[in-house]
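Chains as they are written, first to last, in the numbering used here: chain A, 1 to 792; chain B, 1 to 241.
No lab work stands behind these hints, which were simulated from the structure alone. Hints may contain errors.
Some chain A residues close to chain B (C-beta under 8 Å, calculated; not the full set) [claimed, not checked]:
| hint | residue |
| --- | --- |
| 1 | 423 |
| 2 | 425 |
| 3 | 693 |
| 4 | 696 |
| 5 | 700 |
| 6 | 784 |
| 7 | 786 |
Here are the computed lysine to aspartate or glutamate pairs in the DMTMM-like style, where the Cα-Cα straight-line distance is at most 25 Å [claimed, not checked]:
| hint | chain 1 | residue 1 | chain 2 | residue 2 |
| --- | --- | --- | --- | --- |
| 8 | A | 784 | B | 27 |
| 9 | A | 784 | B | 156 |
| 10 | A | 784 | B | 187 |
| 11 | B | 154 | A | 644 |
| 12 | B | 154 | A | 401 |
| 13 | A | 428 | B | 156 |
| 14 | A | 784 | B | 89 |
| 15 | A | 784 | B | 93 |
Beta carbons are placed, not taken as given, at the ideal position from N, Cα and C, and that holds for glycine.
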Amino acid sequence: MVAAVYRKSIAELTRRRARSWFAVCTLALAVGSIGLFAMPTLIGRSMQAQVASQRLPNLTVSTAPLKLSDTQLARLAALPNVEAVQPRAYFMTQVYVGQRRAPAYVLGIPNLANQRVDVVQLQSGSLPQSGQVLTEAQNSLHGLFSGDTGALARVVAANGGVQSARVTGTGENLNAGRDVISNNTIVLYATPATVDRLSGVQGYNSLAFRLRDTGSAAVAATTQAIRAQLRQVPGFTGFSDLPTVRTASEWPGKSDFNKFVDFFYVVTVLALLSALVLISNTMTTLVAEQTSEISVMKAIGAKRRQIGMVYVRTAFLLGGVGTLIGLALGIALSNVLVRYLGTTFFAINVGFGVDATVLGASIALGLAGPVLAALPAIRRATRVNVREALQATGSTVGGLDATDRLLRRIRFVPRTAQIGLRNLGRRKRRNLATALMVGLAVGNLLAVVGLATAISNAAHASWRDHGEDVKISDTGIRPLDTQAARLIRSVPGVARIEPMFTANTRFAGHDAVVWSVKSRTMFRYHITQGAWFSPAQERSRARVVVVQQSIANLTGTKLGQDIRLQTAGGPVTMHVIGIASNQQEFGTAVYVPVTTMHQILGPTAAAGDDYWVQTTSHNHAFIDRTTTKIEDTLAAHGYPVASEIEYVGEANDVASFQTLTTTIAVIGSLIVAISLIALANAMTMSILERTRETGILRNIGARARDIRRIFATEGIAVAIIGWALGIPIGYALDLLLVWLVHHVVHAQITLAFPAQNLALALVATILLAGIVILAPLRRATYLKPGDALRYA
Amino acid sequence: MASSSLTQPVPPASAAATHLIELVGVEKAYRMGRVSYPALRGVDLTVDSGELVAVVGPSGSGKTTILNLVTGIDRPSAGTVEVDGQRLDAMNEEALAMWRGASVGIVFQFFQLLPTLSAVENAMLPLDFARRGSARERYQRALHNLELVGLAGKADHLPAELSGGEQQRVAIARALACDPKLVVGDEPTGNLDTQTAGEMFELFARLNAEGKTVLYVTHDPELAARAHRVVTIRDGVVVAA
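Chain B with its partners taken away, still in its complex shape:
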């Protein structure tokens, strides 16, 4: 494992916090030109540390919006969002960026790797941004994470030289860079074939088994069924949690 200078996440602000994620009365409305449409209409949701939670619902129901709020990508129009004791709705963009880099790993449907960086460079990028450890330590850490996802042999490959599944593995290695407590996936298997999607879910399950909280959005009922808990969203409200 890498040195402790790389693995220290930001400590929780409140020792009294019982849930890792806590959304209270959250509303979110998006403006599209002159039209405003509500994506979430009063969501209360908690996720505890170590949980493996799937978020499901039809297209446009507000699944991705919940993920965006939990990761500080978007801010709620009303209500509060608290993750690991931090009130995300009260933080500024710069503080949120640093918090995300240190505390949460995000995996996207379309991988979103930087095309000009090799696999290992992509995997060490969050450490570069967080200025954690020496260059050598960062490299070792990224290589270690690539080993975890089974891609150590292709560390110097560019994204264009990797398959979709391999790119998603690099994206997971990148998400693990700062050893976050929380890993979030926005349809992480949506762009993969069934077999690769299965392998990818195994990886999430393993991370969860190692103590990480995993929250992911999916359309796939089979993958959703393998979670500890399924949160169902419809028309911007949680209908089952």
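So here's chain A without its partners, still in its complex pose:
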């Protein structure tokens, strides 16, 4: 036989089923939101498995094309600390997608069936033979190139002609997949012979190494040993870019993912906070409603502890059910999100997984949360005066304090609306908590939209600084020399050209990108301190640099300071003559005179530049046509080139930022869901509590629409108060997110909090509030007066 107090604990759950469900749903959302913290572990785990199976390189060096014999490769493989080496031949080109030419590269890999480093895994079809290609799985997933097995890929060769290669299947590689996603570049895999035929040049231009020791000293020593070994190869003039190093725990896109996760955590913590407030509110209502019953129990001899335990057990039971549902929700949500993020941003199919730590934390919060949230209310309720509680009829509660007096002054609205507004004062704490949750949701959305606007503004601004309409780059086959420059200038529609090139660098422990540009440039720089380099400095190849504000802040670089840049030509000391507020390369660019960089990098860079081209019209179709003419003209003269049209790049950038902010907003919608549950909960509670009152109103002539107006006014008023609270919350959160962008992503963005968003948020809040209170309102208007009067 179960003791009566235990039965009462269970009965509390079934007695108000709607409220129990609200509480369970809220708990499930809270517990489910904790599940999102499992994402880094899940994606990290899958990535590490993929890194291991694809044997990703620890060190990658790039050079001009080198003909490496098996003996020379064996010597490289036998160097101390080298576990394995894989030579590759990259050919930057374009592939026809219908009638359009899209940027692409073909990766020539020797012995595809037995790759040792940076393995391309065959997903479907068969490995390509000479004249055939394998398409990277991400090409079709991201809609760049949908060539199925058996289709023909039309690849632009170095001589400008088009060579067709049969697609034999689909391959997968993390690094190449990231190139597809991040750079919108089509990737095809082939044999070195195929690449030789396309490029017209024999040899490998990239070497990938797996190392035994990935410590920085060991990597530096190995790099030196590789450089020394390659010096014995005819044609080696040095590395064409800084060697790329990957430490043991790193995977492609990990730093980007971690940055993203920081934003994501802010939103998740807010969701969790909203859920906890809602749980506390629900538990308080549950206990407060029982005041007269608690008095009855006290009157017949129950001790405070015994009464308290009735509700503690109820809270625990609610927690148990909520936790069970929440665990399932959290596991499903984190796996769905990780799978989406994996395929959208990181070129990986993440398998199903569970993080034991997060699971434990979810269970702990799910079971303890409701009990802890209920304790203050239980404490208050068990200390209630028995006589007063037993005699309370509830009809004279409320209406006496300053808020009530203020609400009574609102007399210009219909009586039903007045009653609704005045009812706000009757459950102040609950209404305020509900409004706060609505405020958190509104604030979260305002902040995310504000952040998206700020990032979009920054992206547009960064592209606006580009004076060129198109950038023409060599593909590593033949550098663009002065003859190529003359050819570009001769193309009808070209107004102005300017040489430039970019190179990777590191300084003060951070990666950066050197933009080698002219002193008088079409690039729109914005100097905040010091000056841009002068023609005299350019002529004298002065070792001067202009540093962007973000990377200067990150590295602690000051105007007038000397900094040491690591370059492919070795370390070099440069004098900082200016700080610029531009945002190129996500804030990591530094600007050096093009002549100075030629001197620093030596023959690999001195041979040729990229070219910025301004066209005579900024019409997009005109730019497209002129670009095609430039490509064809140069190809006809033996200069295979790649082109980057600025308006296309800007659109791609903005679209990728939108994907990111949309993802954060989707996660933020958890808060919206919680706040809507809170609002529906509060309205249901109000309607339940005032069932008798509704009956009285019906008895003195109130029609269904009068009742509807009373409660709708109350619900909408709570939502509007929530919206008002959401404005400062949103502004503060927007400031926090912008601060995070500054300190985590190291990009300078200007806070954006558009006023029109406030109006849109108000309309959305009222609409959503109107929708969620429909069901409780229906209950209120369909109550039969007799039933309402008998309601207890």
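Dock chain B against the given chain A, drawing on the hints supplied.
Chain B only, in chain A's frame:
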């Protein structure tokens, strides 16, 4: 007195109606979960205009059920309920709400005032719902009714600032808002001390003297004895009328 736009009650549907209230063969059963229990088992009852009728009987005998049927709060399981020529059992909830607001004033044991409205606002609420007259006329009417019950001086007080007796006076003023022919009280003095209960009954008697039909439920034999007629209910049937 207030303007005629406030005082026009709904006219009787049938000019031939002789009784204000007529219950014929009324049965009422309530369902409580899986159990159904009969509250009234075939009640025939008539009340004429201008009568002052007390309904008495032990707890659970069906007194309040009769009141609920007469005011359209509940519907009979069988039989017909006709008040002022209107067949209440044939009307829908919305029509009943409007009819109640216009034709009947109800006074409850626990007053049931809206706690956030002042005395005068409570007293004018039925007029607001019935959309009768202008806002000013409604206010004047409510104030007039508060004067009738002796509470004009506390028109702006909230229920929490009034005593039990004063709250019940406001409830009576509210019941009179639309100048109904019928005033119904469900143990209107049950929550008041003897002296206040006596004063309250005087008020009912005065309303009756002014032409209103008054029907009230009471446990108090003294108050019941002061009615023109006493209807006794026991186990869901009228044993004396």
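Problem - Given pair status - residue 401/A, residue 154/B, alpha carbons within 25 Å - result: holds (18 Å)
Problem - Status of the residue 693/A interface restraint (C-beta, 8 Å, chain B) - result: For residue 693/A, the interface hint holds, since the closest Cβ of chain B sits about 7 Å away, which is under 8 Å.
Handout entry: residue 696/A as chain B interface residue, shortest Cβ-Cβ below 8 Å
Key = Status holds, d = 4 Å.
Handout entry: Hinted contact residue 700/A with chain B - closest CB pair below 8 Å
Key = Because about 5 Å separates residue 700/A from the closest Cβ in chain B, which is inside the 8 Å limit, the hint holds.
Practice task
Decide if the proposed pair is consistent with the structure: residue 784/A and residue 187/B, CA atoms, cutoff 25 Å inclusive.
Solution key: Since the Cα atoms of residue 784/A and residue 187/B sit roughly 21 Å apart, the hinted pair holds (cutoff 25 Å).
Practice task
Please work out if residue 154/B and residue 644/A have their alpha carbons no farther apart than 25 Å.
Solution key: At roughly 82 Å apart (the allowed maximum being 25 Å), residue 644/A and residue 154/B break the hint.
Problem - Agreement of residue 784/A and residue 89/B with the hint, judged by alpha carbon distance not exceeding 25 Å - result: holds (14 Å)
Problem - chain B contact restraint on residue 425/A - CB to CB distance below 8 Å - result: holds (7 Å)
Problem - Hinted pair residue 784/A and residue 156/B, Cα distance within 25 Å - result: With a Cα-Cα distance of about 31 Å, the restraint between residue 784/A and residue 156/B is violated, given a limit of 25 Å.
Problem - residue 784/A paired with residue 93/B [C-alpha distance capped at 25 Å] - result: Since the Cα atoms of residue 784/A and residue 93/B sit roughly 8 Å apart, the hinted pair holds (cutoff 25 Å).
Practice task
Sort out whether residue 27/B lies within 25 Å of residue 784/A, counting only the CA atoms.
Solution key: holds (18 Å)
Handout entry: Interface hint compliance - residue 423/A to chain B, C-beta minimum distance less than 8 Å
Key = holds (6 Å)
Hint check: violations occur at hints 9 and 11; the rest are consistent with the structure.
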